[in-house]
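Student: Once you've looked at the hints, dock chain B against the given chain A.
Residue numbers (numbering that gives the first Met the number 0), protein chains in the order written: chain A, 0 to 345; chain B, 0 to 345.
Any copy, or any two copies together, can satisfy a pair, since identical chains are not distinguished.
Taking lysine to any residue pairs in the SDA-like style, the calculated list, with each CA pair at most 25 Å apart, reads: (1) Lys32 / Met273; (2) Lys277 / Ala115; (3) Lys279 / Asp55; (4) Lys311 / Ile326; (5) Lys279 / Glu256; (6) Lys279 / His62; (7) Lys311 / Trp101; (8) Lys116 / Arg287; (9) Lys24 / Arg317; (10) Lys32 / Asp99.
Note that these hints are calculated values from the structure, not bench results.
2 protein chains.
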Amino acid sequence: MRKIFLSAALLALCAPLCAQEPARKRSAPEIVKAAPAADWSTIAPDDLLVMTLSPDAAGQPRHVILQLLPPPFSQGWIGNMRKLAAAHWWDGGAIYRVQDNWVAQFGDPDEDTPKAKPLPAGLATVPESEYVSDIDLYVAREKVRSPAVWQKFYAKQAWQAKVKRYGSLERIPLKDLGELTDSDDRGDGYARETGFYEGWPIASNSEGFWPTHCYATVGVGRNNSPDTGTGAELYAVIGTPPRQLDRNIAVVGRVIEGIEHLSSLPRGPAPMGMYNDKSKNTPILSIRLASTLPPADQPRFQYLATDSASFKDYVEARVNRRDSFYIYAAGSADICNIPVPIRRAP
Amino acid sequence: MRKIFLSAALLALCAPLCAQEPARKRSAPEIVKAAPAADWSTIAPDDLLVMTLSPDAAGQPRHVILQLLPPPFSQGWIGNMRKLAAAHWWDGGAIYRVQDNWVAQFGDPDEDTPKAKPLPAGLATVPESEYVSDIDLYVAREKVRSPAVWQKFYAKQAWQAKVKRYGSLERIPLKDLGELTDSDDRGDGYARETGFYEGWPIASNSEGFWPTHCYATVGVGRNNSPDTGTGAELYAVIGTPPRQLDRNIAVVGRVIEGIEHLSSLPRGPAPMGMYNDKSKNTPILSIRLASTLPPADQPRFQYLATDSASFKDYVEARVNRRDSFYIYAAGSADICNIPVPIRRAP
Chain A
0 MRKIFLSAAL LALCAPLCAQ EPARKRSAPE IVKAAPAADW STIAPDDLLV
50 MTLSPDAAGQ PRHVILQLLP PPFSQGWIGN MRKLAAAHWW DGGAIYRVQD
100 NWVAQFGDPD EDTPKAKPLP AGLATVPESE YVSDIDLYVA REKVRSPAVW
150 QKFYAKQAWQ AKVKRYGSLE RIPLKDLGEL TDSDDRGDGY ARETGFYEGW
200 PIASNSEGFW PTHCYATVGV GRNNSPDTGT GAELYAVIGT PPRQLDRNIA
250 VVGRVIEGIE HLSSLPRGPA PMGMYNDKSK NTPILSIRLA STLPPADQPR
300 FQYLATDSAS FKDYVEARVN RRDSFYIYAA GSADICNIPV PIRRAP
Chain B
0 MRKIFLSAAL LALCAPLCAQ EPARKRSAPE IVKAAPAADW STIAPDDLLV
50 MTLSPDAAGQ PRHVILQLLP PPFSQGWIGN MRKLAAAHWW DGGAIYRVQD
100 NWVAQFGDPD EDTPKAKPLP AGLATVPESE YVSDIDLYVA REKVRSPAVW
150 QKFYAKQAWQ AKVKRYGSLE RIPLKDLGEL TDSDDRGDGY ARETGFYEGW
200 PIASNSEGFW PTHCYATVGV GRNNSPDTGT GAELYAVIGT PPRQLDRNIA
250 VVGRVIEGIE HLSSLPRGPA PMGMYNDKSK NTPILSIRLA STLPPADQPR
300 FQYLATDSAS FKDYVEARVN RRDSFYIYAA GSADICNIPV PIRRAP
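So here's chain A without its partners, still in its complex pose (with noise of 0.2 Å):
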């Protein structure tokens, strides 16, 4: 059967044939399958949500895991979501809208009506100014708090230099991380850089950072501005990167299992992909925090942390696809087609 991605069978043509050859870059994938424990960075149960919906057709269960940002971005929304899981505030929810090529957005299908489901008590109300954050400052605050966060920061950072030359942590351009061809300077027209930052993909310019919509990417839903939302209606990336929502609304975290349960749904036919009939909606049974579950139950995942070598990497490996299927590498790759790896743990 013809494939776009074939496993890379024409690499065991090598071994006798390029033996005086220098050693062979390995693939990304090769390279994710390689990396050391020591490169691999664990999920707090604290930063994940499981997502239970109603069983598929076929009486299958879906689980949608979602990961929460870490600080310094989205912290206020990202309590109102630790404490809605906490109040079971999602339970009898549903999927509301699929629009194609743009999102599938879930939380109260009833929201704004005279039938909406009451908040509970003590949620943020979350400024827009909170969509970019300074890292640089939060650094700076953290330093005085706690020497111990500031060293985390600095201490483990095998760039040291480079931090130094972009006088900013993380800011370190991408083609900096490997060898980039000169294409990689006109990588990003949404932003000045983009880089990763703790397993995340993020963008800056003198403004500030700030995380990027990317595939699978988790969002705050709300209404026009000044109103932010509060983290009740969220909604999911399924289509082409909407970087131009970047800095315009809250980016909470990523679904890292369980997107095809969101991705593959049927489009609302209704504007905006609403469903006409509340009967299409896919209701949520359960949405909870991973900590709050028993030990058992926790699920234990694995992202490739941004700062280790295999990250290094596996950027380059990206930017220059060496796969047998590649005729032309493009030397270049956006920041969102640089997902970061995540796995169950072993």
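Tutor: Only chain B this time, still in chain A's reference frame:
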């Protein structure tokens, strides 16, 4: 209900307040809606394939409309596709692979097995050199062969000075289309420049021009180089634009209606999104060139001409969002985030 996109309700407030302001620029949807009939180009029925899938679980018909690329792009494969449609070769085929955030692939599910369906005689074997085209050479050739065709290219250009300035038809960079910010210079890492040609997104470098992989792009499945595929096995992109495939595989067209019948299919559980169980394949009842259908059954589509003033305004508005939802305008848009407007002929 909270929405990611709301209608431009705030604009109504502007009328009394903004009397002294310069004329408000329109949003992209407003520009498309107001585009005069002359700015819409008809898609020839010979450039449309109508794919009919088996009805869905509710018995509803499923049609997917594919538009084929114009010369000089990929015409060898496209010629094969017209022959395959004329031979009714795809009838009884299937969608046999759906991989999340990647592609839906269709053709003969028994391909590369002893049960493979024989291909019709006379299909072309197309070389890899056809992945990239030289439009200037094409125009020069046409100029000799057909002054009328040549005139069509140059006479209808609104920007002859720009054509001259950039030395090549349609090599006009995006930043010269509107009031883009300087960040646009860094809008694409996969090519020297991107732009539009006869209604299609294309990219270029010093070697030539090629069609880009965006959401809903249709391409030709193949095995490893130097095989380029025949056009019998096709895929449609259903996720993040896989721009790394540009120049590595033949782009032949795009889905212009019914992509949801591909993107919402269950993902295949086997490697690369294959279905383990052939009963899970989605049967193809038929694929027909629209020009071979009875006139009453021929779908009639138009695209917003990419050399029109309306399209120029549309690009500018996609780059500098001014819908009431937005706080920040990105000041840039990558080529896949500027979908060419397509509509049923009114």
